[in-house]
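Here the protein sequences line up with chains A and B, keeping their order. So for the first sequence, this note's numbering puts the first residue at 596; every next one is plus one. So for the second sequence, this note's numbering puts the first residue at 4; every next one is plus one.
Just so you know, the hints here were simulated from the structure itself, not pulled from any lab data. Just so we're clear, the structure is a prediction, and the values are computed from it rather than from any experiment. Keep in mind that the hints are not guaranteed to be accurate.
To be verified - With a straight-line Cα cutoff of 25 angstroms, these simulated SDA-like cross-link-like pairs (lysine to any residue) come out:
| no. | chain 1 | residue 1 | chain 2 | residue 2 |
| --- | --- | --- | --- | --- |
| 1 | B | K199 | A | A652 |
| 2 | A | K659 | A | A753 |
| 3 | A | K673 | B | K224 |
| 4 | A | K624 | B | E230 |
| 5 | B | K224 | A | F638 |
| 6 | A | K877 | A | L800 |
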Amino acid sequence: MGRLTAWVDRRFPFSALVRTSMTEYYAPKNFNFWYFFGSLALFVFAAQIISGILLLAHYQPSAKAAFNSVQTIMYDVKWGWLVRYIHTTGASLFFIVIYLHMLRGYLYGSFKRPRELLWLVGVALYVCLMGEAYFGYVLPFGNMSYWGGEVITSIIAAIPYLGDWLASVLRGSFGVGTPTLTRFVAFHAVLLPALLAVLILTHLLALHEVGSNNPDGVEIREHLDARGRPVDGIPFHPYYTVKDMFGVGVFLVVFCAIVFYAPTFHGLFIETYNFSPANPLKTPPDVTPAWYLAPYYAMLRAVPNKAVGIGILFAAIIAPFLLPWLDYSPVKSSRYRPVYRWMVIAFALTLLALGWIGMQPATPALLLPARIFLALYFLFFLSLPLVSRLEPTRPVPQRISAS
Amino acid sequence: MIARLSVLFLALAVVAAHAAAQTTPLLSPPAAFDRATIRRGAQWFAQYCLSCHSVKWIRYDRLTRDLGFSKDAVRQELMFPGGAHFAQGMVPTLSARDAAAWFGVAPPDLTLEARLRGGAWIYTYLRSFYFDPTRPSGWNNHLFPDAAMPNVLAPISGIRDAKGRLIQRGRLTPRQVNQVIGAITVWLEYTSDPSKLERERLGPYVIGFALLLSVVAYLMKRAYWREVS
Chain A
596 MGRLTAWVDR RFPFSALVRT SMTEYYAPKN FNFWYFFGSL ALFVFAAQII
646 SGILLLAHYQ PSAKAAFNSV QTIMYDVKWG WLVRYIHTTG ASLFFIVIYL
696 HMLRGYLYGS FKRPRELLWL VGVALYVCLM GEAYFGYVLP FGNMSYWGGE
746 VITSIIAAIP YLGDWLASVL RGSFGVGTPT LTRFVAFHAV LLPALLAVLI
796 LTHLLALHEV GSNNPDGVEI REHLDARGRP VDGIPFHPYY TVKDMFGVGV
846 FLVVFCAIVF YAPTFHGLFI ETYNFSPANP LKTPPDVTPA WYLAPYYAML
896 RAVPNKAVGI GILFAAIIAP FLLPWLDYSP VKSSRYRPVY RWMVIAFALT
946 LLALGWIGMQ PATPALLLPA RIFLALYFLF FLSLPLVSRL EPTRPVPQRI
996 SAS
Chain B
4 MIARLSVLFL ALAVVAAHAA AQTTPLLSPP AAFDRATIRR GAQWFAQYCL
54 SCHSVKWIRY DRLTRDLGFS KDAVRQELMF PGGAHFAQGM VPTLSARDAA
104 AWFGVAPPDL TLEARLRGGA WIYTYLRSFY FDPTRPSGWN NHLFPDAAMP
154 NVLAPISGIR DAKGRLIQRG RLTPRQVNQV IGAITVWLEY TSDPSKLERE
204 RLGPYVIGFA LLLSVVAYLM KRAYWREVS
């Protein structure tokens, strides 16, 4: 073992990598509940890759065969149902984990200097994940897949100037059909997973360069002991590897409970109308997107003009990228920012409300609430420069407070 | 802020509940999801439904594995339509083209019907037929007005008019008929996701393992963290 490691180390920085990223990477010792979701996201990503490869062994990307090949997986392939339910449940839980991971960033100001680039890569990961989920959603070619494919590509077609060209590149044809499925499989199984993998690695590299933030938002690297180690830091391995293992265990309990007892999750994780094959002549009663994209759909529907709606959608996705430069407060954590703390809570509730509205049929009664919540969404970002300057903050401790 | 938000949420919930109200209330089937009920449902389905409706994703041979039918029982009790093959899907001999000509639309495949509409819908639908001389088939349905399907269960359920009055008695009592329809419903719930039997058998072991893993990981975490001040 020792000789092999030495042999490798002369040719590849194996031991150095283990040291800098695990055994001598110092993380703050006061991580709480919110700090489980980074490693859980990595865990779900791995589960999606493995189950995805297995599904791809039986899936056929053509308008005629796609739906049937998915049923073959469900009925005839040994353990096929398990692999597919893992993949569909994993997709939804990926978003739950990522949303909680991002909320953590908002709560403790993890986007602030010096972590701006870490945050940018993270938001880029989220945008890629939305694309990954959308392309995957169309592949089984049930009726919701088909109409979801039609609706989203027609939204893209409404982008001024470039829209028609972009939509035809995506569809590969005038409508959604076999050419769409063949390229969506390329995006879903090659392009975006590769992009996600590279961005995850970048995200981790950036994290290890600047070090983790923590619930108090104080920099542990500002207080070093005689050997140059952060006084309030502990080595990531073994302390956080064992802690994250516990997180994975609890997560698996939830994950397996859904896979084994409620795989469709009442039509939220696998939609009811997707159990009938794609039918261009029969629109489902309500075409609404998967729950994790529903807030954006609510924003789009809140605006009567298509081009303006797309502009707002675009702005809503761009806004989180700007967060490090909208918030001027020198205090990171919402623990010491009484106003900002309630803003984040209201922001999370706003997104929940928009998500709920986005999943309802389009009725005039919901138009006004949708517009109010849309305004609240942007108000969060627009009021930040002012709030962060005027807000009376509480004194931040020099070092991590005892928990 | 929070108070105003919660008022809004409440208003939204009321709107949603209003939109969800339906005209014909759905009844839940008086049958449990177990192998015995599914087997009975399969037998009734083969007698009354399989002449026109396929459940093409269910191969006959899986019924011996999933439900404990013997191979002979499957051949004699379920494979009535001539030309059926033991290793292939449950498909009627009636061609889709003939069926479309006779009924106006081809009877749909029912494998996934329970997932699409729900068991309560199927159960209520099969109980909602009434005699209607204005329809070509002589039948109409409260839940699905102007359905093309006739009441194939009339010999056992009897014939009722639009107000629910019995015009002609059937072979079984109303209670027995509801049980038959319940069993057919449970059978279709099985066909829509046969993994349910296996899932619910394995579930406790898998979740038990995950729980055990969590407990071990927690104890390990506590042991390691004892030295962290």
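Now for the hints, and whether the structure bears them out:
This hinted pair checks out: K199 of chain B and A652 of chain A have alpha carbons roughly 23 angstroms apart, not beyond 25 angstroms. Between the alpha carbons of K659 of chain A and A753 of chain A the distance comes to roughly 28 angstroms, so the proposed pair goes past 25 angstroms and is violated. Restraint check for K673 of chain A and K224 of chain B: the C-alpha separation of about 37 angstroms exceeds 25 angstroms, so the hint is violated. Taken as a hint, the K624 of chain A and E230 of chain B pair is honoured in the structure, with Cα atoms around 12 angstroms apart against an allowance of 25 angstroms.
Under the criterion of a C-alpha separation no larger than 25 angstroms, the hint pairing K224 of chain B with F638 of chain A is consistent with the structure, at around 19 angstroms. In summary, the hint linking K877 of chain A to L800 of chain A is not supported, as the alpha carbons are separated by about 49 angstroms, beyond the 25 angstroms threshold.
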